[in-house]
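Put together the whole structure using the sequences plus the hints.
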Amino acid sequence: MPELPDLQIFSRNLQQKLAGLQVKEITAPVTRKVNVSVDALKKALLGQTLTTVKREGKTLHFIFDNGHVLQLHLMLNGELVLGEEPVKHTIIALSFSDGITLSLTDFRSMANATLDPEPSDAPDALEVDTKFFENLLSTKRTAIKNILLDQKLIRGIGNAYADEILWHARISPFSRADQIPKANIKDLSKAVSTVLKDAEKQLLKSNPEIISGEVRDFLKIHGAKIKESPTGSPVLMKKTGSRKTYYTEEQALFE
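Converting from the sequence shown to my numbering requires adding 2 to each position, the first position being numbered 1.
Treat the hints loosely; a few may be bogus.
Listed next, the in silico PhoX-like pairs over lysine-lysine satisfying Cα-Cα at most 25 Å (straight line) [claimed, not checked]:
{"no.": "1", "residue 1": "Lys142", "residue 2": "Lys207"}
{"no.": "2", "residue 1": "Lys19", "residue 2": "Lys60"}
{"no.": "3", "residue 1": "Lys60", "residue 2": "Lys90"}
{"no.": "4", "residue 1": "Lys45", "residue 2": "Lys35"}
{"no.": "5", "residue 1": "Lys60", "residue 2": "Lys192"}
{"no.": "6", "residue 1": "Lys229", "residue 2": "Lys60"}
{"no.": "7", "residue 1": "Lys246", "residue 2": "Lys227"}
{"no.": "8", "residue 1": "Lys207", "residue 2": "Lys227"}
{"no.": "9", "residue 1": "Lys203", "residue 2": "Lys192"}
{"no.": "10", "residue 1": "Lys154", "residue 2": "Lys199"}
{"no.": "11", "residue 1": "Lys188", "residue 2": "Lys207"}
{"no.": "12", "residue 1": "Lys35", "residue 2": "Lys56"}
{"no.": "13", "residue 1": "Lys142", "residue 2": "Lys246"}
{"no.": "14", "residue 1": "Lys207", "residue 2": "Lys222"}
{"no.": "15", "residue 1": "Lys199", "residue 2": "Lys60"}
{"no.": "16", "residue 1": "Lys203", "residue 2": "Lys188"}
{"no.": "17", "residue 1": "Lys246", "residue 2": "Lys199"}
{"no.": "18", "residue 1": "Lys246", "residue 2": "Lys192"}
{"no.": "19", "residue 1": "Lys229", "residue 2": "Lys241"}
{"no.": "20", "residue 1": "Lys240", "residue 2": "Lys229"}
{"no.": "21", "residue 1": "Lys133", "residue 2": "Lys184"}
{"no.": "22", "residue 1": "Lys133", "residue 2": "Lys19"}
{"no.": "23", "residue 1": "Lys19", "residue 2": "Lys207"}
{"no.": "24", "residue 1": "Lys45", "residue 2": "Lys19"}
{"no.": "25", "residue 1": "Lys184", "residue 2": "Lys207"}
{"no.": "26", "residue 1": "Lys240", "residue 2": "Lys222"}
{"no.": "27", "residue 1": "Lys203", "residue 2": "Lys184"}
{"no.": "28", "residue 1": "Lys26", "residue 2": "Lys90"}
{"no.": "29", "residue 1": "Lys199", "residue 2": "Lys227"}
{"no.": "30", "residue 1": "Lys188", "residue 2": "Lys142"}
{"no.": "31", "residue 1": "Lys45", "residue 2": "Lys56"}
{"no.": "32", "residue 1": "Lys203", "residue 2": "Lys19"}
{"no.": "33", "residue 1": "Lys222", "residue 2": "Lys199"}
In case anyone wonders, no lab produced these hints; they're calculated from the structure.
Laid out in structure tokens, this is it:
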């Protein structure tokens, strides 16, 4: 699933390619994955000019000159495709005035589109600081990784970057949130910013034109092929349901 750094790049590239273009046609073959009817989509967006593409948490927001917003959530397997030909497994497609169509596709039909989504009260992962984490964690008895993944608490972090952040902060993903000392919370806050911003730089360097997919080859510990951390500690893996957590014994467990 694309996470904050991926979506930062996607939004920047889509802004460059599509901003200033008018919507000429809309199709939504999988109507159950859109919160309104195709007629409502057309009434809101046809003939409108796309002004801004930006990331909001783990979604992309397409903002039009009449104030309407179309949110695309790629979920686990969704992809964005720019082209002129029809694309298989399309959830929704917008054709623009230059003849290019942007399609959201998903062979599992999990990706979705929302017209004018409700704003979230949760802060973005790039906006939080140490004080935020101190206040949040003091009341949470659950594992710290679960906190980082909860989009109702903090937006933008997914499974891969949660592992990277916690390794960088040297905090076990299984630590109970309210037992983490203040000094380590400060490390966590710093790690969130450092890891996410560094990942964005890595993506820009290796895949500057990307608008879809996941690039993970620069991650330090999250990945089945990674056997040791950069500091030489064996990478361990624990599976909970369908989620895999990668960690090392370098990370302190607070419980």
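**Hints breached by this structure** = 1, 6, 11, 22, 25, 27
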